[in-house]
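A.B. asks: Here the structure of chain Y is known, so what remains is to put chain X in place on it, guided by the hints.
So the sequence lines, in the order shown, correspond to chains Y and X. Okay, so the first sequence: first residue is 1 according to this note's numbering, each after it adds one. Okay, so the second sequence: first residue is 1 according to this note's numbering, each after it adds one.
No false leads were mixed into what you were given.
Each computed DSS-like pair below joins lysine-lysine, with the alpha-carbon atoms no more than 27 angstroms apart: (1) X/Lys137 with X/Lys164; (2) X/Lys137 with Y/Lys243; (3) Y/Lys240 with X/Lys127; (4) X/Lys3 with Y/Lys224; (5) X/Lys198 with X/Lys164; (6) Y/Lys243 with X/Lys2; (7) X/Lys150 with X/Lys114; (8) X/Lys143 with X/Lys198; (9) X/Lys127 with Y/Lys243; (10) X/Lys27 with Y/Lys228; (11) Y/Lys48 with Y/Lys7; (12) X/Lys137 with Y/Lys240; (13) Y/Lys59 with X/Lys79; (14) X/Lys27 with Y/Lys224; (15) X/Lys3 with Y/Lys36; (16) Y/Lys36 with X/Lys164; (17) X/Lys2 with Y/Lys249; (18) Y/Lys240 with X/Lys2; (19) X/Lys3 with Y/Lys250; (20) Y/Lys228 with X/Lys3; (21) X/Lys150 with X/Lys198.
Worth flagging that the hints you see were computed from the coordinates, not collected in a lab.
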Amino acid sequence: MGSSADKPKLIINGKRVDGRGFSEMRPMKIEAGVLKNADGSAYLEQGKNRILAAVFGPKEATPRHMAKADRAIIKCRYAMAPFSSLSEHGRSGPNRRAVEIAKVIREVFENVVILEDFPGSQIDISIEVLQGDGGTRAAGITAAAVALANAGIPMKDIVYGISTGRIDEHIILDLDMIEDNFSDADIPVAVSPRNNEILLLQMDGGMTKEQFKEAIGMVMESGKTISKIQRDALLEVYRKEEKRHEKNKKQ
Amino acid sequence: MKKIVLPGDLISEGDEYTPNTYTEGGKIFSAVAGMCTEDNRVVPLEGSWTARTGDIVIGTVTNVGRNGTYEVELEHFMKGMLMDKFGRTTFIAGDVVEAIVERVENRRTVILTKPRRLHGGTVIEVKPSKIPRIIGKNNSMIKQISEITKSNIVAGENGIVWIKGGDTGLAVSAVQEIERSAHISGLTDIIQEMLLNKGN
Chain Y
1 MGSSADKPKL IINGKRVDGR GFSEMRPMKI EAGVLKNADG SAYLEQGKNR
51 ILAAVFGPKE ATPRHMAKAD RAIIKCRYAM APFSSLSEHG RSGPNRRAVE
101 IAKVIREVFE NVVILEDFPG SQIDISIEVL QGDGGTRAAG ITAAAVALAN
151 AGIPMKDIVY GISTGRIDEH IILDLDMIED NFSDADIPVA VSPRNNEILL
201 LQMDGGMTKE QFKEAIGMVM ESGKTISKIQ RDALLEVYRK EEKRHEKNKK
251 Q
Chain X
1 MKKIVLPGDL ISEGDEYTPN TYTEGGKIFS AVAGMCTEDN RVVPLEGSWT
51 ARTGDIVIGT VTNVGRNGTY EVELEHFMKG MLMDKFGRTT FIAGDVVEAI
101 VERVENRRTV ILTKPRRLHG GTVIEVKPSK IPRIIGKNNS MIKQISEITK
151 SNIVAGENGI VWIKGGDTGL AVSAVQEIER SAHISGLTDI IQEMLLNKGN
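If we strip away everything but chain Y, and leave its shape as in the complex, we get (with noise of 0.2 angstroms):
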């Protein structure tokens, strides 16, 4: 975060930087199944953040003394492309911050996944941001998620994430780089949207308990759009064959 002295204006007439109001996303898109060696992928376009998803697995998990008797375990990858960003990520491959947040995108899926099903196997994510715009783990977790759906993995839930935060007294939803780096509060937040059980929470600023309230309000119900988003993606895979039937039948 930056001194309060060198803050720039995020909030003008009401509106954010990029002239969003404060619960709006940025819009998002997401594609499954673009890859074809993978087991199951996704695409995900959230703004200015581009990133692909893989799911490879289950397989025999590697190293052996790693493997678990009783279920799977996950293996997550995160790693920003080294020209994901404006500076920073000048080397290729996970670096200290990828490895936590490869953490903590892992557990979300812990939750999920029915591990049980798959003894002394593993699972592998990863996760890799091609174009790196802020909130990029909250979308690697909404990408992943679909990719593990589109690998066939049997899972609780299709989570989502998210990001939230606090400018002066304004709460806002998905924020972009420059609200991430100047803003006073910045949530990452992953959702099972079944009984929005919350599956990730890290917070970098500060909230009072009310602004926390309105800020987790917001998440569930930008989670409906997401959700959605997410499961026409899955969808999309299906009804493409069956416009093209449809489309020869007429013919």
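C.D. replies: Structure of chain X alone, referenced to chain Y:
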């Protein structure tokens, strides 16, 4: 009417276990992306192959051991051990064999029995979850393809289909068409139409 369900979709009330579902609070939810049938069963549309005793599989012999033992590659990360005790057939590395799963050792190895060499032909890989659709009810689909194209077709549960003779190209495109549109009802008719139109 069959409908497509996604993970977390409510299937029905109750708490009996059926494959590809989970129960919570007296309700049954789908755990995978699949088709929900009239009797509330979920047939997965995606997913890898889990070896079960009795599965017919197709693989390539990668290693020849002593006393008629062979190593067969079935799938990525999965190999089969073939022990042909009577030694009626000998295989060499590179042979394509059809066999039956006798026992599942662990996630990486299965024990195979009753091998049969598949001479020549074409081997294609499809998603293992679509194999039941390629075979069809009482082998209806696979019979139809082999009757029209005059090919020999063997579908392995591990997602490998072997095709030989006749109009191989047409049979391959039919199998790939089934893989793409496994969720569509009345597929037998669609494939029949496709085969007859392209065959002439």
